[in-house]
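Put chain B on the given structure of chain A with help from the hints.
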Amino acid sequence: MIRPTLRTITGRRGSFRGGGLVILAGVFLVIVVLLVVNELRPVRNPSIGGQPMLDGVGGVVWALGIVIGILVGALAGSYDVAQGTMRYLVLTGVGRVRLYAARTIALVAAIGLLLLPALAIGIVAVLVLPSDPNDEVTVGELADVVWTAVVWPLVFALIAMGIGSVLRSNGAAIAISLLFAFAASPILTLIGAWKETLGDLMLLPALDRLTGGESSVAIPLASLAVVVWVAGPLLLGLGRHLRDEY
Amino acid sequence: MSEADPIIRLDGVTKRFGSKVAVSDVSFDVGRGRCLGWLGPNGSGKTTLIRCMLGLARVTSGTIQVRGHAIPAEAGSALERVGGIVEEPRFYPYLTGRGNLEVWAGLVGDGARERIAPALERVGLAADGERRVKQYSMGMRQRLGVARSLLGDPELLILDEPSNGLDPSGMADFRAMIRSFVEEDGRTVFISSHLLGEVEKIADDIAIVHEGRLVLHGTVDELVAAGRQGIRLRVDDAERAVSILQGLRFVTRVERRGDGELGVTLERHDDAAAIAVTRALVVAGVGVAELARERATLEERFLQITGRSAADEPR
Chain A
1 MIRPTLRTIT GRRGSFRGGG LVILAGVFLV IVVLLVVNEL RPVRNPSIGG QPMLDGVGGV
61 VWALGIVIGI LVGALAGSYD VAQGTMRYLV LTGVGRVRLY AARTIALVAA IGLLLLPALA
121 IGIVAVLVLP SDPNDEVTVG ELADVVWTAV VWPLVFALIA MGIGSVLRSN GAAIAISLLF
181 AFAASPILTL IGAWKETLGD LMLLPALDRL TGGESSVAIP LASLAVVVWV AGPLLLGLGR
241 HLRDEY
Chain B
1001 MSEADPIIRL DGVTKRFGSK VAVSDVSFDV GRGRCLGWLG PNGSGKTTLI RCMLGLARVT
1061 SGTIQVRGHA IPAEAGSALE RVGGIVEEPR FYPYLTGRGN LEVWAGLVGD GARERIAPAL
1121 ERVGLAADGE RRVKQYSMGM RQRLGVARSL LGDPELLILD EPSNGLDPSG MADFRAMIRS
1181 FVEEDGRTVF ISSHLLGEVE KIADDIAIVH EGRLVLHGTV DELVAAGRQG IRLRVDDAER
1241 AVSILQGLRF VTRVERRGDG ELGVTLERHD DAAAIAVTRA LVVAGVGVAE LARERATLEE
1301 RFLQITGRSA ADEPR
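Top line first, the protein sequences correspond to chains A and B.
If you number the first sequence the way my numbering does, the last residue is 246 and the count never jumps.
If you number the second sequence the way my numbering does, the last residue is 1315 and the count never jumps.
The shape of chain B in the complex, shown without the other chains:
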């Protein structure tokens, strides 16, 4: 298969558990050398699709190709250079971190044993390799899970909620590590996470699944750009500013946020619009203390697309 071919190809994938449809007619491709964020509310079918992609569960209908090989028929060839974490990394707690990797290296073969030390180094566990896994924190297990994923020198890493249990500084390191897999190694990363802010910083592309259906797939920039565009203003006379702004043709919504602050949603998001807003206010004698562009965060877009309240959503 050529470099231009997608590393994952999903075509009409459906997975049912009895009468419950966990994944419904999902089709999309994942390009090589990209990081795709796989998002969805709890119970939306994220992990189920990952399990199907990794040959751990069978699809009810549709086809999955990984690295040009059909899953599950050619799972052996497909998974040769695929690493993954599904739900949470599990190990033999009575073996050391290195001992666990040696077990998996023995199964993976093909130079995997020589990759143990670099993998531990890369995830920051070189000094803890001789400790038993039962003494590891959740964050350390996550990192060991990534190290295990690297043993087969994977072209594709499929990571399901890999940042669970990481502290804020660990999160930043983890983010840098994931990006290095893509940018330095040229690997493809398929990452599922509840931490939308983190995914926004890591991913090139986003796919959102809701109630088992793929509701959006595109680049992060496209996704966010399609959301609310606006500016935030702080003025000395909010009431007057609102009436002036509501008279402007390209302003679609004005929201009072208190303490002289306004949120203004615009039809277009360019310099000319911002200048026109400022000019209209100043000409009308309204003092503008602050003006800043605002755009929807991934979280806002996610909530908008999945149509759920923030209270229901993971952070």
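Next up, chain A with everything else stripped away, as it sits in the complex:
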């Protein structure tokens, strides 16, 4: 059940395939930029691979991954209802909870597939291209960057899927999900200025804590906060999916 659902997500040219290419292009751009600056000013920029490449690739995959993850996630939530295919999914006799669960798991897999090529090429570039000994990268540093570059897009994709499932309209789902990620979440983070612990449990600080950021909040609590932030929209989406008539 997950495989066919995954196929409906990864088959979308605009969001998934196009998005994957954009992330790949971002990684290649980082490689080209580092090659050029190394060529132009080798003393000041002695490394092409190693730490500079890791920072560049990690940053590009993280940033573009969040945006593309939101597009893919929002459509995973809204597309079937907006397109009218949902009624035919329900008509298969597969329970609605199972359909929703399959879509959620398929989205997780899709985000992995979306980021995998760019991360793989980036890691190869980090390890293979020449770098100064001072810029060498440890396995732990590599793992941290990969973890950050995967978790942030995944979290925002899942939240976007919940929003998409509630709104049932592709355009609205994408717009609201982007607004949530780039406007509402930063604004909510400002709560930290009022009450620090509560502020640390907002999505962005909690995610930051999970991916290596410093905070007074323990990692398990930050993890719980992220789970709640993700589960909230997903459960709202499930509620709508169970209640809706198609």
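Please note that the accuracy of each hint is not assured.
[Claimed, not checked] In silico DMTMM-like links for lysine to aspartate or glutamate, alpha-carbon gap of 25 Å or less: (1) B:Lys-1201 to B:Glu-1161; (2) B:Lys-1020 to B:Glu-1211; (3) B:Lys-1020 to A:Glu-245; (4) B:Lys-1020 to A:Asp-244; (5) B:Lys-1020 to B:Glu-1161; (6) B:Lys-1201 to B:Glu-1088.
Just so you know, these hints were derived from the structure itself, not from any lab.
Computed from a predicted model, the values in this text were never measured in an experiment.
Using the frame of chain A, we list chain B on its own:
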């Protein structure tokens, strides 16, 4: 459940949207291995009832059983061997026809994947299976919708306006295909359509819904036979023929249609009545050039029952 049990049983089904009653107290059974035409004017509740039967919408009151299972409580078991098209078939346009069927086969399971090729073959899309659905015409999507319905080897096919978008030759093929589902496969087909002439050729039974209420349910023959029965005549002296025919006891209505043609409505529709009409005219010296039996078409009966003018009705 036994073969004699109905495949669909509706009992007092009512569906309201706020204060609007879309379906009102509808009760009837659909027998196995039959094709039932589900007819009604636009907005009469046809699609709403279909959605309720398929577990896509909840009834306000009443009960629905499909294949002996209550809907929606046992929808999973009920829909296991039910295929359907509701309003119009929808697909993932960026996948091929075959790719779409593979997605649904993956959800249906239980040998559905092996049915993809035969299903495409059966609906005449074997050569187009590798094209993206966004390149399909409406008629091709309809046929792909039927192919998808076949993936679960359904006992029951519920098809809502399935012949939309088909050209005349496609329509004839489609009609033959639907009949083959019933006659060769032994499936039950519940078909809703605006094309009354098509339904008359496909269906064994008819149910007519009007303003949410079931107003008639029976076989096509019963339905049509209960309508106007008569003969059409072409004579050499229409005026004289009218006065003679109006004097006959079993003639209920004589209608002049111009150019010597008359429509005669009879109390009974047998050979004796036709012979008596001919004899009365000939004995009175009226020449009869042509005589043919006429009976109400399904469309006429439909308009009669739903009490609406032809101009309001779908063709």
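Hints versus structure:
1. B:Lys-1201 to B:Glu-1161: holds, 15 Å
2. B:Lys-1020 to B:Glu-1211: Distance of about 11 Å is within 25 Å: holds.
3. B:Lys-1020 to A:Glu-245: Measuring from Cα to Cα gives roughly 16 Å; hence the hint holds.
4. B:Lys-1020 to A:Asp-244: holds, 18 Å
5. B:Lys-1020 to B:Glu-1161: holds, 23 Å
6. B:Lys-1201 to B:Glu-1088: holds, 22 Å
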